[in-house]
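*Asks:* Sequence:
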Amino acid sequence: MMRLYSASNLPEAHLLLHRLVRAGIEACVLNEHAQGGLGEIPFTHAYPEIWIMEEADEGRARAIIAEFERAPVIQDVTYCKSCGESNPPEFEICWHCGKPLD
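If you count by our numbering, then the sequence shown holds residues 62 to 163, one letter each, in order.
Where hints are given, some of them may not hold.
Here are the in silico distance ranges between beta carbons for each label pair [claimed, not checked]:
(1) M63 / R83: 15 to 21 angstroms
(2) M62 / G159: 49 to 55 angstroms
(3) S67 / V138: 41 to 47 angstroms
In case anyone wonders, no lab produced these hints; they're calculated from the structure. Where is the CB? At the ideal position from N, CA and C, for every residue including glycine.
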(Lines of atoms letter the chains of each structure in order from A; the text may use other names.)
(Lines give C-alpha, C1' and ligand atoms only; values in the text may rest on other atoms or scores of the structure.)
Protein backbone atom coordinates (compact mmCIF):
# COMPACT_ATOMS: atom_id res chain seq x y z
CA MET A 62 0.00 0.00 0.00
CA MET A 63 1.21 3.47 -0.83
CA ARG A 64 -0.11 6.95 -0.03
CA LEU A 65 -0.67 8.74 -3.31
CA TYR A 66 -2.48 11.99 -2.57
CA SER A 67 -3.92 14.21 0.15
CA ALA A 68 -7.18 15.75 -0.97
CA SER A 69 -8.44 19.10 0.26
CA ASN A 70 -11.88 17.67 1.05
CA LEU A 71 -13.83 14.42 1.01
CA PRO A 72 -15.77 15.01 -2.25
CA GLU A 73 -12.50 15.64 -4.08
CA ALA A 74 -11.03 12.45 -2.61
CA HIS A 75 -13.98 10.39 -3.80
CA LEU A 76 -13.92 11.94 -7.28
CA LEU A 77 -10.28 10.94 -7.61
CA LEU A 78 -10.93 7.50 -6.10
CA HIS A 79 -13.61 6.79 -8.70
CA ARG A 80 -11.33 7.88 -11.53
CA LEU A 81 -8.63 5.53 -10.28
CA VAL A 82 -11.02 2.60 -9.87
CA ARG A 83 -12.45 3.21 -13.36
CA ALA A 84 -8.89 2.95 -14.69
CA GLY A 85 -8.47 -0.43 -12.98
CA ILE A 86 -6.32 0.83 -10.11
CA GLU A 87 -7.24 -0.57 -6.72
CA ALA A 88 -7.37 2.32 -4.26
CA CYS A 89 -9.05 3.49 -1.07
CA VAL A 90 -9.69 6.70 0.88
CA LEU A 91 -8.31 6.92 4.41
CA ASN A 92 -9.07 9.58 7.03
CA GLU A 93 -12.69 9.82 5.83
CA HIS A 94 -13.90 10.57 9.35
CA ALA A 95 -10.82 12.30 10.73
CA GLN A 96 -12.28 15.80 10.44
CA GLY A 97 -14.32 15.04 13.53
CA GLY A 98 -11.02 15.08 15.42
CA LEU A 99 -10.06 18.62 14.43
CA GLY A 100 -8.88 20.47 17.47
CA GLU A 101 -7.54 17.26 18.91
CA ILE A 102 -5.26 16.59 15.94
CA PRO A 103 -3.61 19.04 13.52
CA PHE A 104 -5.80 19.90 10.50
CA THR A 105 -3.16 18.56 8.10
CA HIS A 106 -3.60 15.11 9.68
CA ALA A 107 -7.34 15.23 8.98
CA TYR A 108 -7.09 15.57 5.18
CA PRO A 109 -8.61 12.63 3.30
CA GLU A 110 -5.84 10.56 1.73
CA ILE A 111 -5.91 8.36 -1.34
CA TRP A 112 -3.88 5.20 -1.10
CA ILE A 113 -3.20 2.71 -3.87
CA MET A 114 -2.74 -0.98 -3.19
CA GLU A 115 -0.01 -1.71 -5.74
CA GLU A 116 3.07 0.50 -6.04
CA ALA A 117 3.35 -0.65 -9.67
CA ASP A 118 0.24 1.47 -10.43
CA GLU A 119 1.87 4.68 -9.18
CA GLY A 120 2.77 6.08 -12.62
CA ARG A 121 -0.71 5.62 -14.07
CA ALA A 122 -2.32 6.89 -10.87
CA ARG A 123 -0.20 10.06 -10.83
CA ALA A 124 -1.11 10.68 -14.49
CA ILE A 125 -4.81 10.46 -13.58
CA ILE A 126 -4.32 12.90 -10.70
CA ALA A 127 -2.37 15.31 -12.92
CA GLU A 128 -5.20 15.21 -15.47
CA PHE A 129 -7.73 15.90 -12.70
CA GLU A 130 -5.72 18.87 -11.44
CA ARG A 131 -5.40 20.33 -14.96
CA ALA A 132 -9.15 20.22 -15.63
CA PRO A 133 -10.50 23.70 -16.30
CA VAL A 134 -12.74 25.26 -13.71
CA ILE A 135 -16.00 26.28 -15.31
CA GLN A 136 -16.81 29.76 -14.14
CA ASP A 137 -19.45 30.77 -16.66
CA VAL A 138 -22.52 32.35 -15.18
CA THR A 139 -25.91 33.22 -16.61
CA TYR A 140 -27.33 36.59 -15.69
CA CYS A 141 -31.05 36.90 -15.18
CA LYS A 142 -32.63 39.42 -17.57
CA SER A 143 -35.31 40.23 -15.00
CA CYS A 144 -33.26 40.97 -11.88
CA GLY A 145 -29.63 40.85 -13.06
CA GLU A 146 -28.62 38.17 -10.53
CA SER A 147 -25.89 35.69 -11.50
CA ASN A 148 -26.81 32.00 -11.74
CA PRO A 149 -24.76 28.85 -12.39
CA PRO A 150 -24.87 27.83 -16.06
CA GLU A 151 -26.94 24.69 -15.38
CA PHE A 152 -29.82 26.66 -13.80
CA GLU A 153 -32.97 27.14 -15.88
CA ILE A 154 -34.75 29.36 -13.38
CA CYS A 155 -33.21 32.31 -11.52
CA TRP A 156 -32.54 31.38 -7.91
CA HIS A 157 -33.27 34.98 -6.82
CA CYS A 158 -36.50 35.98 -8.60
CA GLY A 159 -37.78 32.66 -9.98
CA LYS A 160 -38.05 33.87 -13.59
CA PRO A 161 -36.92 31.60 -16.46
CA LEU A 162 -33.38 32.15 -17.72
CA ASP A 163 -32.91 32.52 -21.46
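*Asks:* Does each hint hold? Answer for all of them.
*Replies:* How the hints compare with the structure:
{"no.": "1", "hint": "M63 / R83: 15 to 21 angstroms", "verdict": "holds, 19 angstroms"}
{"no.": "2", "hint": "M62 / G159: 49 to 55 angstroms", "verdict": "holds, 51 angstroms"}
{"no.": "3", "hint": "S67 / V138: 41 to 47 angstroms", "verdict": "violated, 31 angstroms"}
In summary, the one numbered hint that this structure violates is 3.
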